[in-house]
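**Student:** Position chain B relative to chain A; hints supplied.
Order-wise, the sequence lines are chains A and B.
Under our numbering, the first residue of the first sequence carries the number 373, and numbering increases by one thereafter.
Under our numbering, the first residue of the second sequence carries the number 373, and numbering increases by one thereafter.
Worth flagging that the hints you see were computed from the coordinates, not collected in a lab.
Some hints here could point you the wrong way.
The list makes no distinction among identical chains, and a pair is therefore deemed to hold if it is satisfied within one copy or across any two copies.
DSS-like cross-link-like pairs, simulated, lysine-lysine; straight-line CA separation at most 25 Å [what the hints assert, rightly or not]:
1. LYS841 / LYS644
2. LYS399 / LYS874
3. LYS559 / LYS859
4. LYS615 / LYS559
5. LYS966 / LYS859
6. LYS966 / LYS841
7. LYS637 / LYS841
Number of protein chains: 2
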Amino acid sequence: GMEWFAFATLGIFTAILSFLMDLSATKLLRAHRWLYTQLEGHTLLQFVCWTLYPACLCAVASSFSHNICPSSTGSGVPEVRSMLAGFVLSPYLSITNMFSKFLGLTCTQAAGSTLFLGKVGPFVHISTTVGAYLGKLCTLIQADKKDAAAGQMLVVAAAVGVSSCFGAPVSGVLFSVEVMSSHFALKHYCPCFFSAACGAITFRLLSVWSGDIETFRALFKTNFSTDFPFCPLEILLFAFLGKMCLCLLSCCYLFCHRWILRLTKTSQIFIKVLTTEKALYSSLVAFLLASLTFPASVGQYIASQLTMRQLLTSLLDDRQWSSATHNASVQPSLEWTSPGTPVYLPLAVFLLMKIWMLVLACTLPLPAGYFMPVFIYGAALGRLLGEGAASVTSGQKWSTSLNPGGYALVGAAAFSGAVTHSLSPALLAIELTGQLSHAVPVLLATLLANGVARSSQRPSFYDAISISKRLPHLPSLAKACPLLLSKPVGELLRSQPVQLQKAAALQEIQHAVSSSSDAQIPVVDSNEETGNLLGFALRSDLLNLVRRGKIEAWAVGQDKHLDEVCTIFPLSVLLSPASTVQEAYDVLALVGAKTLFVADRGRLAGLITWSEVSSVSPLMFIPSPV
Amino acid sequence: GMEWFAFATLGIFTAILSFLMDLSATKLLRAHRWLYTQLEGHTLLQFVCWTLYPACLCAVASSFSHNICPSSTGSGVPEVRSMLAGFVLSPYLSITNMFSKFLGLTCTQAAGSTLFLGKVGPFVHISTTVGAYLGKLCTLIQADKKDAAAGQMLVVAAAVGVSSCFGAPVSGVLFSVEVMSSHFALKHYCPCFFSAACGAITFRLLSVWSGDIETFRALFKTNFSTDFPFCPLEILLFAFLGKMCLCLLSCCYLFCHRWILRLTKTSQIFIKVLTTEKALYSSLVAFLLASLTFPASVGQYIASQLTMRQLLTSLLDDRQWSSATHNASVQPSLEWTSPGTPVYLPLAVFLLMKIWMLVLACTLPLPAGYFMPVFIYGAALGRLLGEGAASVTSGQKWSTSLNPGGYALVGAAAFSGAVTHSLSPALLAIELTGQLSHAVPVLLATLLANGVARSSQRPSFYDAISISKRLPHLPSLAKACPLLLSKPVGELLRSQPVQLQKAAALQEIQHAVSSSSDAQIPVVDSNEETGNLLGFALRSDLLNLVRRGKIEAWAVGQDKHLDEVCTIFPLSVLLSPASTVQEAYDVLALVGAKTLFVADRGRLAGLITWSEVSSVSPLMFIPSPV
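The shape of chain A in the complex, shown without the other chains (with noise of 0.2 Å):
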């Protein structure tokens, strides 16, 4: 009964911090607009507004984070999947970690466009860290069942962070099946999905409360036709822009990311300004970001004037442009097509000048999300299909009807899905803008997407991350050194554990007490002949045991065995040093437990605990390979 009310606070608590941080950032980015626009007539004090503005705000974003945590930078993403996975990365579950990352992202949300940053990211980490307090909480009340309830509060908090944020309850869900490292466990399913409902809910009254929208509808408003979304025959223009457009310029994308990355490691300049002056760094790249971005300088090209938000919502726009232009009576969105220009110029522009901006931003050392402006990208690479595709085929009978707006949907889901080998963009995408209809294409094309961009064992955008931050992450690290998976665990073992003989006497269990720190400390037999492992000790009754012995000045071994004042539990799963690592890491997450116990033929091996398993991470860190 209990959880389910913190699911539900969860839920709640996650969609009303989301809804404040979009109310927050455009509030401030109202208020930079009509600055802007008061502006008008002076260039040069429009610049220094345009420029000024954002620069400021990464300075302080950067600063705040860089003073009060300097882990909340980044995305979150590559941490929260490796905390699903059971290690324990308790600086990114702090409660100052989400208080840092909650303002720098709005304040990086208010930067908008000029940035080109979101929030998805930094919002499943912020819930991961609520979900994480209300599991503490949960076990403070219900004490009996103490590990499983914070592990499936995890799971949950995961899967709110995206449906907070959106108000998309299924694919937040979906992200969290996806995120968990090899297999979901069911008994979250129902949470997740309740969680999950609760947050898009109170996501959607918010927005209806506020005015912001009549009643619940879809984040993104589209008007694609429902009677004829697209013709059949266009399926296989929607894989071939799955299949090649995309995964050429995914890989391309995915490659400079690497790059820079490795670089933000190995160059000398990069590390000493990224450790020292991060404040400084933030605020000139957002500089020349938005210099660039200025409406009277390359900006006029690429509707820098619109939001991220006005951005997308004009991608999926169903008009053709191409044939706008010369129909006066369709008026399509103005900050894309001037007359004169063809409507490829534009968007070919942004496609050229945004994909090493967005490289270049992700190199920022504050909070920010990398999937919105992925997703926005492959919608305009889309759109350019779309364009194009309507632009040729005009005169055909069935080339009125051929809707743009599709195909940036299309591109949109498959582009984002490639970049972070997951399907769950796919759902994101038909979720955002309400557009069942074009489902099997946007499905299709994420598939076919990330068939090839999985292909080579490359890494993902998340990976890549998790590679480079050193991050626990096995499927991340799998990538990098593939043998790693099928190595037996045999090799992974500390030397010989420290362990109790049944008949052990108190001078025994006060050096084991205090030579361990190990939860459990592993009993064997006394027979010195076999030593069979017979179970576990707790380290806390042994403690008990040590105290009370030195009290009553009785010891344990002259008149009484181990077994006979202390529990010793049983072990339920026994690994042999010849099971892989990845065997190991499936149990160890299946079970739930901290530690696994090795044994050889019925002697105690070693111990196994998540420490052991990304112990191998360091040696396989050489530089990323690009």
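**Tutor:** For chain B alone, coordinates are given in the frame of chain A:
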């Protein structure tokens, strides 16, 4: 590479089967309708035509499945669940089973709304059979990765069943996730989506080519308003629909279903009739149902002239029938409304009649799905509430925009979700109608209905069938006997299993091979004192050894140890007698192994296979608790 072609083939082939079945059922239905209208004016002849046609079809379907493959009757979903959990139920995967299921199901479908049975469940079964054969083909070609490929193919096939049945890829995969017993392995995720997308595309392309529809669109077309789908306050009504009405009715339906299931297993008359006179029983029941739905009798109130598909489409109509009876300009479904009677009457009669007709139809020994009838029943219930809400609030400002079709959609998803204890009906409802605007209320109502339905460990519809058919499926068994999951595996072990000493002589090997049929034979230390478990030898290797030993007259044990002449495989995971049935079940499913070894302090205690886990079941089968 190879297996991806198999996944695509699986999707395409299943979709073709589904399309062919729809086509033939529609033709048969149309023939019946033509004959019926030709007899206009001769009520007696019309009655004969109306009743004998479905009775004959049922008799054909029953005798077909009785004579060719008795295991082809019923839904198939409970069997698929057991097979996905790892149990081998070979009669259910035979080609004759698939053949008789396909033909029988076509007859059931052709009987139309008189019989009121669907096709989802059997189709999942058919696709699983196709998947199993394709899996065998794959393992023939790629001999190296045998078991994994076959297991994966089954999981994918379960997803393809739903997708090909309705052209709904996403809910198909989510169904597969939910059906998997406790852990969904993420390596199946992409194959599932890929195959489901292939199936959905093929199914829709076939519909386009056959001229049924112009282009890809939802199977059940709806015209809900996207600008104002529902008023935010209506969320409360939707929640009420999920929580109260549906739960009461679903509990009532499940109670009746369990009652009749027990009756068919305990009543001597039922047992006798159902073993010897299947065809007669089927035709009699069909005759009874048909005479009640005859349009000149009760049928006129329950829109019995409509096919299953027309029924659902009419219930999802977005116009208010109650206002249409006053307003002549709006033309609602003529079958449901008649001047002078309130619209509640036919809906209430429909709900009252169909519940017991459906329960009776569940006893028919022919291939039939029980999902779609439940879905339509839920839609009628939702419609009733929606019409009620529309008339109660008539005069209010937002009453005119109140859409009873939305309530029908929510009711359909929530009722079928409550009956099957699953969430995928929510997604299915959205995909079938293309109404993403109602995603949040549909999900909310399904969650609430599930919450109440699952609360007191009551078995779901499929659980009840599993229990009554004594199928090995742990979660169902756990509902019949909650203590089962925490039982230690030590209690299930067979008496001392066949084992080999490391220094075994040829006679001992010969004896072990002849007295055990397990594929893996455990090898223990020769030291009598310790007798530690070393690993296992493959039975096939030992058989080779024995054959070789006979020819060469060479005895192991005198000159060589067993491990020098035969590979002894190390054990990767060991269980202890103290681990629970749940843990054993999870580890079996996770490791993908057929056998787990249980060792007590290093010594072999026994083997656990799926048969041990399922051997508990007969003990638990005290008559199923109603």
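**Student:** Each hint should be assessed against the structure and marked as holding or not.
**Tutor:** Hints and how they fare:
no.	hint	in the structure
1	LYS841 / LYS644	within (17 Å within a copy, 70 Å between copies)
2	LYS399 / LYS874	neither (68 Å within a copy, 78 Å between copies)
3	LYS559 / LYS859	between (31 Å within a copy, 20 Å between copies)
4	LYS615 / LYS559	between (36 Å within a copy, 21 Å between copies)
5	LYS966 / LYS859	both (20 Å within a copy, 23 Å between copies)
6	LYS966 / LYS841	within (23 Å within a copy, 39 Å between copies)
7	LYS637 / LYS841	within (9 Å within a copy, 62 Å between copies)
Consistency with the previously given hints fails for number 2 only.
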